[in-house]
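Novice: Sequence:
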Amino acid sequence: MRVNPHPAATQSRRRRPPLSCERCRRRKVKCNRLSPCNQCLKSGSENSCSYLPILEKENDHGVVVSVTAPAADTRPDDCSSSEASQSNPPQAAAAADILNGVPDTKSTKGFFESLPKICFRGKEGRTRFFGRSHWVPTLVMFTDIMAYLETYRQTKSKCPGVDHAVYKSMKRLKQQIQTQLQDHTQICQQLPASRLEELIPPREQADELVQLYLSTFATTFCVLDIPRFREEYEAFWTGREKHLGSPDAFVAKLLALMACVGSLSSESIAHVGHGWIYATLSWILSTNSYTSLSLDMIQIKCLLLIARQAIAYGGDLAWISASALLREAMAAGLHRDPSKFAKVSKPCAALRRRLWWTIIELDLQTSLDNGVPPSISCDEFDCPLPSVDIEEGGGNEDDEGNDNNDDEGTTGNIFQIALSYTLPARMNISKTVNGINMHLEYDEVLRLSKELLRDLRKAPPGLRIDQAPGRDGPFSDFQKSLFRFLTYRVLLVLHRPFVLAYCDTPDERFLYSRMICRDASLALLAQLDASSTLDPDTPPAYPYLLRLRGGMFCDEIFHAALMICLECRLQSEDETISPLPGIGPTLPGLLHANSPACYQNDAVLLRVENTIRYFEHKVQTEKRACKSLVFLNMALASATWHLSRLQQDQAHPAASREVIAFIREASNRASQRCHELLLAGWTSPASPQNERESTDKVLLPRGFLSFFFSAH
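Those letters in the sequence shown? Residues 1 to 712, by the numbering used here.
By construction, these hints were calculated from the structure, which means they are not laboratory data.
Careful: at least some of the hints might be erroneous.
As the list claims (entries may be wrong) - Okay, derived cross-link-like pairs now, BS3-like style, lysine-lysine, Cα gap no bigger than 25 Å in a straight line:
no., residue 1, residue 2
1, K174, K156
2, K627, K156
3, K123, K627
4, K168, K123
5, K171, K627
6, K431, K117
7, K627, K117
8, K458, K431
9, K450, K431
10, K156, K168
11, K156, K117
12, K174, K627
13, K171, K156
14, K28, K117
15, K156, K123
16, K171, K123
17, K168, K627
To be verified - If you anchor each label on the Cβ, the simulated ranges turn out as follows:
no., residue 1, residue 2, range
18, I320, S377, 15 to 23 Å
19, T127, I177, 21 to 29 Å
20, P384, K431, 18 to 26 Å
Cβ coordinates follow ideal geometry from the N, Cα and C atoms, glycine included.
Generate coordinates for the entire structure from the input sequences, incorporating the hints supplied.
Specialist: This is the structure in C-alpha cells:
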C-alpha cells in the first residue's frame with residue numbers, strides 16, 4: 001500500500017518520532033506499525049491507514065497476528081509455570097493493546113462495508129461465514145474478551161496452562177457424550193426405508209406427541225390440514241390393528257411431526273427425535289424424484305425443517321434446506337395465486353396458501369440465523385394470505401371437522417396473517433443488513449423501524465399485549481412468545497449494527513438504536529424471569545418455546561444477553577452528568593440519569609444471570625450449549641468489571657491486565673461448571689460387544705421400541 005507523503009495538518013508535541021499510523025495516533029491506541037496496521041484492519045479502514053514519511057524505515061519490527069483477533073506481542077516468552085503464563089508482561093501488554101483497540105472513525109462507512117475478520121472462519125477447503133445478524137460481530141465488540149482469546153490462542157501451543165487444561169477436559173467430555181448420543185441415530189441408519197413404520201412409538205405416546213404438536217407448532221406454522229390429518233391418523237391406527245399396510249408418506253409425516261415436539265415432551269423422546277429425522281430423510285432419498293413436488297412431500301420437508309431447529313439436529317445449517325425447499329415449492333407453483341390453477345379445489349388452494357407463507361417465513365428465520373439474505377423477495381410471488389374462515393379443511397367439510405379445526409386452525413391462521421403483515425418490512429431489513437455492503441442512511445433505518453412498528457400494531461392485541469393475570473385470551477403462551485421472538489429479533493437485527501457503530505464512534509443519533517436494542521433484548525429475556533429458580537435441585541419450568549433445543553430460539557436468547565452486557569459496558573463509559581447546584585436532595589424514586597439507559601444495572605444484570613441459569617439447565621439436560629455458557633459468563637464478567645470502575649480507571653494500563661485476569665477467572669469457572677453439568681446424569685458408554693448386541697435387538701420391531709422407550 002502506498003504511504004501517504006503528506007503529513008497530518010495538526011501534530012501533537014512528541015518527544016520522540018511518531019511510529020504509529022496517523023489514525024492510531026489520533027485515537028491514542030497502540031499500532032503494530034504494519035501497512036495496513038492491525039487496528040485499521042480490524043475497523044475495515046485499511047485504505048485510510050497512512051504513515052508519516054519517517055516511518056518508512058522504522059516499520060520493520062511489527063508482527064502479523066491471526067485474523068481472528070487483534071494484534072498481540074508474539075515474541076517468545078518464558079513459560080516455566082502456569083502462574084508465569086498468566087501474569088506474563090508481554091501478554092498483559094497485548095491485552096492492553098486489544099482492549100484499547102475498539103475501532104473508531106468519524107464515519108460509519110468503514111464499519112458497515114466490512115465485517116470483522118472473525119466472521120470469515122476456516123481455511124483452504126473448509127470455511128464458514130457469519131453475517132451481521134449473527135452473534136459473532138457482537139462478541140467482537142468485547143475487546144477485553146477478544147484480548148483474552150488471543151492470548152489463549154498464542155499460549156495454547158507454546159505454554160499451555162490451567163486455562164487450556166480446564167477447557168480441553170470439558171471439551172473431551174462433551175465429545176464423548178455426543179458420540180454416545182449419536183449411537184441412537186446410527187441405529188436408525190441401519191433400518192431400511194421400507195420398515196419406516198416400525199419407528200412409530202406406542203399409541204399412547206404417539207397421541208401425546210400429536211396433541212402437543214397441535215397445541216404448539218400447529219397454531220403458529222400452518223403446515224398440515226388438521227381435519228384431514230386427524231382422519232389419516234385414526235385410519236393409521238385402525239389399519240395397524242388389522243395388520244394392514246400404511247402409506248409411507250403419512251408415516252414419514254407422523255415421524256417428522258413427533259420430532260418437532262420431541263424436546264417439549266421428555267429427554268428420551270428428544271434423543272429419539274434425531275433417529276426419526278434421519279430415518280425420514282433416508283426415506284425421502286429412496287423416493288422418486290418427481291414426488292418431491294407433491295404437497296405431502298413438501299409438508300414432510302417443512303416439518304423436518306422445524307424439527308431440525310427444535311431439537312438441534314444440524315439446525316445451524318437449516319438455511320440450506322430451507323432455501324432448497326423454497327425452490328421446490330416454487331417449482332410446484334406454490335408462489336403463484338392458486339386461482340390460476342384451474343384444477344385446484346378450494347380446500348387445496350387454502351392449504352397451498354398456508355404452506356407457502358410458512359415456507360417463506362422459515363426461509364427468512366433461518367437466513368437471519370446465519371446472517372445471509374433471504375432467498376426471495378416480496379415481488380417474486382403473488383400468493384395471497386390465508387383466509388381466517390374455516391374453509392381451510394381439505395377433504396373434510398362437515399361440521400364436525402370444522403369444529404376440530406376451530407381452535408388450532410383459526411388461531412393459527414390469525415397468527416400467520418399477523419406475522420405476514422410485517423413480512424415485507426422484515427424481509428427488506430434482512431436483505432439490507434445482511435447484504436455485502438450495508439449502504440443504509442440512519443434516516444432510512446428510522447423509517448424501516450417505524451414501518452415495522454406500525455405493522456406490528458396491526459396484530460391482534462392478544463398477541464402483542466400481555467393479558468392481565470387470571471384472564472386467558474384466544475392465543476396461547478406459545479403463540480405470544482413465538483410472535484415476540486420473530487418480530488423483536490428483526491428490530492435487533494436492524495438497530496444492532498448502529499449500536500456496534502456507537503461503540504466505535506459515540507454518535508448521539510444512535511442513542512435511539514441503543515434504546516430499541518436494550519428494550520427488545522430485555523423483552524426477550526423477560527420470559528426467563530418467571531421460570532428462574534434459586535433452588536438448584538428444582539428444575540426450572542421454562543415456557544414451551546424456551547424448551548426447544550436449538551435454532552433461532554436458543555441463539556437469540558444468547559445474543560440478547562450479549563447485547564445487555566454490551567449495553568452495561570457502554571453505560572460505564574458514558575459521561576456522568578452531575579446535578580445542578582441547588583437542586584436539593586434527590587427525591588425518593590427519582591433516578592438520576594447518567595446514561596441513556598434508565599434501568600438500574602443490578603436489575604438488568606439479573607436478566608443475564610437468569611440466562612446463565614437457563615444455559616446451565618440446557619448443558620445438564622441436553623449436553624450442549626457449553627460454548628454459549630462460557631462466552632456468556634465472560635461477557636457478564638466484562639460488564640460487571642466495567643460497571644465497578646470509574647471511566648478514568650478503565651484507561652489505566654494496569655486496568656487492562658486486571659480485566660483480563662477477571663475474564664480468565666470467569667472462563668475457568670464456567671468451563672469447570674460445564675464439566676460438572678455434563679457429568680450429571682451421564683453414564684459411561686457400553687462396550688463395543690454390548691453395543692453390537694443392542695443394535696441386533698434394535699433391528700427387530702419389538703426390540704426397537706423397547707430400546708428407545710424403556711432404555712432411557
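Novice: Are there hints from earlier that the structure breaks, and if so, what are their numbers?
Specialist: none
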